[in-house]
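> Line by line, the protein sequences are chains A and B.
Using our numbering, read the first sequence as starting at 1 and increasing by one per residue.
Using our numbering, read the second sequence as starting at 1001 and increasing by one per residue.
Any given hint could turn out to be false.
Unchecked claim - Heads up, simulated BS3-like pairs for lysine-lysine below, C-alpha to C-alpha not over 27 Å straight-line:
1) B:LYS1144 / A:LYS241
2) A:LYS545 / B:LYS1106
3) A:LYS588 / B:LYS1074
4) A:LYS545 / B:LYS1144
As the list claims (entries may be wrong) - With the C-beta cut set under 7 Å, the calculated list includes, among others, these residues of chain B facing chain A:
5) ALA1063
6) SER1064
7) VAL1065
8) PRO1100
9) SER1166
10) ASN1169
11) GLU1173
12) ASN1183
13) ASN1228
14) ALA1230
Stated by the list, open to error - Label pairs and their in silico Cβ distance ranges:
15) B:SER1202 / A:GLY515: 44 to 54 Å
16) A:GLY250 / B:VAL1200: 44 to 54 Å
17) A:GLN257 / B:THR1088: 46 to 56 Å
18) A:PRO531 / B:ARG1152: 49 to 59 Å
19) B:TYR1006 / A:ASP164: 53 to 63 Å
Worth flagging that the hints you see were computed from the coordinates, not collected in a lab.
Backbone N, C-alpha and C define an ideal beta-carbon position, used for all residues, glycine too.
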Amino acid sequence: MNRYILLYTVLLAMIFSACQKLDLEPKGRLGQPEIFGNEFGVKKYFTGIYNYLPIEDFNYYGANSGTAYRPDNYWEAGKNSQGNMSGEFFNTWVGVNNGGFGYWPYDRIRDVNVFIQNFPTYQSKYTTEVYNALMGEAYFLRAYFYFGLAKRYGGVPIVKEVQDPLAGKDVLEVSRNTEYDTWKFIHDDLQFAIDNMPATSESGRANKYVAAALMSRTMLYAGSIAKYTQYLGFQAEPATKAGLAGIDPGKANEFFQYAVDAGKLVEAGGYTLYQKEGDLALNFARLFLDPASPENIFIKDFDQSVPGDTRLRHSYDALMSPQPDMVADVGAESYPPFDFMELYDMTTYTNSDGTPVRFTNRSDIKNDMEPRMRGTMYFDGDVLRGKAFSIQRGIYQTYKGTAADAQAGSNAAPINTMIVNGKSNRILGGRGWTTNINGVDLNITGAHGNFDDQGGENNCWGSAFVRKYINPDMKQSEAGLYRSGQHWVVFRLGEIYLNTAEALYELGKRDEAFGYIEKIRDRAGAKVKRPAIDQTSTNIGTINKAHYPYQIEKSLQFIRDERERELYGENHWWWDLRRWRTADQVLKQFRHRVLSCYYVADEKKYIYLDEINRINRDWTASKSCFYEPIPAGEIGKNNKLLPNNPLY
Amino acid sequence: MKKIAYIFLGVMLVGLSSCYKKDNWDEPNAQIHGNIIDSYTGKPLLSSQADWSIRIWERSWTASVPINQDIPVKQDGTYNNSKLFGGTYDMLPYGGPFWPVTDTTKNVVLGKGTTNGQQDFTVTPYLQLVDFETSLVGTNLTLKVRLKAPVRAGLPNLVDVKPFLSLTNFVGESNYINIPEYNDTRIQLNKSWIDAYGDVESSPLLTIGPLPVKSGYTYNVRIGANVNDANRKYNYSEIKQVIVP
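Produce the entire structure from the sequences given, and follow the hints as far as they go.
Put into structure tokens, the structure is as follows:
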């Protein structure tokens, strides 16, 4: 019996004493002192935030996703890419998304604010340099999130404090700041970052010059928004009247000047344009693949060796080149339209008398092209992973007449439909189809397109595949879904030069602006390095012959075109069209043209014809794309976000 | 076995009875309809199907600011919605090709039950398209129209004058044969009325075409013209039917 009492007592003692200790801090969890109290903790904290930065990289969905920056099923990013959405690439997967996807990253902004508010407590644990650097980095991160918001919504609530969730409606429901204040806030955060951060950093993290690069881009955006929003006719809209959507045009030059100053600061960082290869086309292609490129200011790294589902790998290679010859999975989803090829120096394909030029080989189309164009796109005859591209749309049994006789590829054109030797004169076909002409079997199409019986997957519409960012050093068998690891170049010197040039030109410093254009065109291998300045006014743009609602000087249009030549496929175009306030005109029944190659059987030569895309698809943006609607769920939580943006 | 059957029956009884519950909110059976009257002609505004909408806000709900609902305007210049919740609404014609309507029509009460509310709106269009003619030579169709701008002070820049052809009764920006052969014949102006035609009310007779049409088809044809306001919607001519022999 005594034994039991003893046992019972011991048990009781153990249980009660155990209760007292349950109140302890769990040892496996890191709190603020551990995270903010040392450099590695801060690095870990920032890594999570960097992961969510609004960078439109390989995985970015341009449409139809609530998590566009970190999408699920992100192998489909190739189909849903911003390029496909906005018509920079041609294909059939997605249309223009005017309304956005409800981006609202105030959770991440709160993470940054938690750091900014609490980090001073731990100042004594750091040297001044390190403390300032980390604080500056936090301001850079916050500015980046606000940039993601401002370019979509204009004015948004500026939240600088960590809100107490129990604080009550008056504190928690924050109204929108004006668009001017929002961009100015971004400027101030970045200025703080520039003033406090060191000149260098490990790859993938910000430093003074990265902050300056973001400053250059954001301030250029703000400048053009201030200057051109007045032409949208939004003056009667409540949000514009309240200054939430639109900036007084008188402030434009202030922002352009910030952009110029930031661009010049970046130049002091010792970056140079990539010029490692003698072959200028190869040079331009390598610039995106060389992690040690002196042109890179800030890159977002991807890595083939990390575990899946971390969104640190992507599928770009598998989704841009033909399968099975060059890649192991899926195949190409996006193709460069002729409208963009035309921007570059181009080989003559139509004679002065209107007849198509006869080429001995299909690949002769490359003979006189600007090297930058060949570095941006793959054409017939180029070799990738040991196989040559082979692109042809069809065969003409005979072609007597001018290029215009083909009526842009129309089935109604007599030269296409007339019967020769019992067959129609123009012969189109599917993969591997042949036709017999005068006793000779001929392949109707190339090995990689254009197949008339198939849709847009793995079937070259036109005459090119995308080369920019394609990694030729991968094996064909490795180029599958989630298998690519090349980095995304977030900021490079080329873009900064273009930002500075545009801002300078807007400020009336035309000669200085063209100094930067000359550097870009020299590296590109363009024929005319420095075109003469043409101050004639026009309201006609280049792509789709868009009619802008305002006049600009022709040389400014040239700078805008230069931007597209240099930055094609780098997810700038959509944002540029929006800030120039031309998206609804450039994408107004924008019916892509394609350059199609045909074999002329009786002459044994090749011709190239400028055609309207086979399915007659067009892209149309509406004026409601310039400001996305504030997400309805957020308005439901906070009525002070009203008035909503124009047209919503 | 019997026990299981009873349990099963009991569960069914509880399960099914829980499904039967009458909603304590009336079904949406209130109706609102009406005409959009063109202040110049006194007739319904020439429109395209669902090109723009009447915005309504339900004010009976006061817990938060309501988000607008839209009732699309039909081609004949009328609108109709017979599936609204009864309540008090504010209404505003918004986003169409007319001078902005600044006065929201407040407190339109749509009763419960069978109330059949009518609410007309009068708007002042930016432009009128008059003297619309079509002429067919073989399979080439030529269109003529005259623009009128009764109010020119503050008129946003003219954007374009565009032909709309359709094989159905619906013709306008929301339904037309969207091919370059037609679209490319639009007259792109992008300038003010004064720069384009001077300070006069009517433009000269504008010609569009010839447009290639197909033999054996019946086309519905009209012309639209728009100005660079926020919405850039078209004012239309009337519709003419063209039978191509």
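> It remains to establish, for every hint, whether it holds in the given structure.
Hint check:
1. B:LYS1144 / A:LYS241: Roughly 39 Å between the alpha carbons, so the hint for B:LYS1144 and A:LYS241 is violated.
2. A:LYS545 / B:LYS1106: The given pair, whose Cα atoms are some 45 Å apart, is violated under the 27 Å limit.
3. A:LYS588 / B:LYS1074: At roughly 24 Å apart (the allowed maximum being 27 Å), B:LYS1074 and A:LYS588 satisfy the hint.
4. A:LYS545 / B:LYS1144: 25 Å, holds
5. ALA1063: 10 Å, violated
6. SER1064: 6 Å, holds
7. VAL1065: 4 Å, holds
8. PRO1100: 5 Å, holds
9. SER1166: 16 Å, violated
10. ASN1169: Since the shortest Cβ distance to chain A is 23 Å, the answer is violated.
11. GLU1173: 11 Å, violated
12. ASN1183: Holds, because the Cβ-Cβ distance from B:ASN1183 to chain A comes to roughly 6 Å (cut-off 7 Å).
13. ASN1228: 5 Å, holds
14. ALA1230: Holds, because the Cβ-Cβ distance from B:ALA1230 to chain A comes to roughly 5 Å (cut-off 7 Å).
15. B:SER1202 / A:GLY515: 44 to 54 Å: 51 Å, holds
16. A:GLY250 / B:VAL1200: 44 to 54 Å: 34 Å, violated
17. A:GLN257 / B:THR1088: 46 to 56 Å: 52 Å, holds
18. A:PRO531 / B:ARG1152: 49 to 59 Å: Roughly 40 Å apart at Cβ, these two residues miss the hinted range, so it is violated.
19. B:TYR1006 / A:ASP164: 53 to 63 Å: Given about 56 Å between the Cβ atoms, the range holds.
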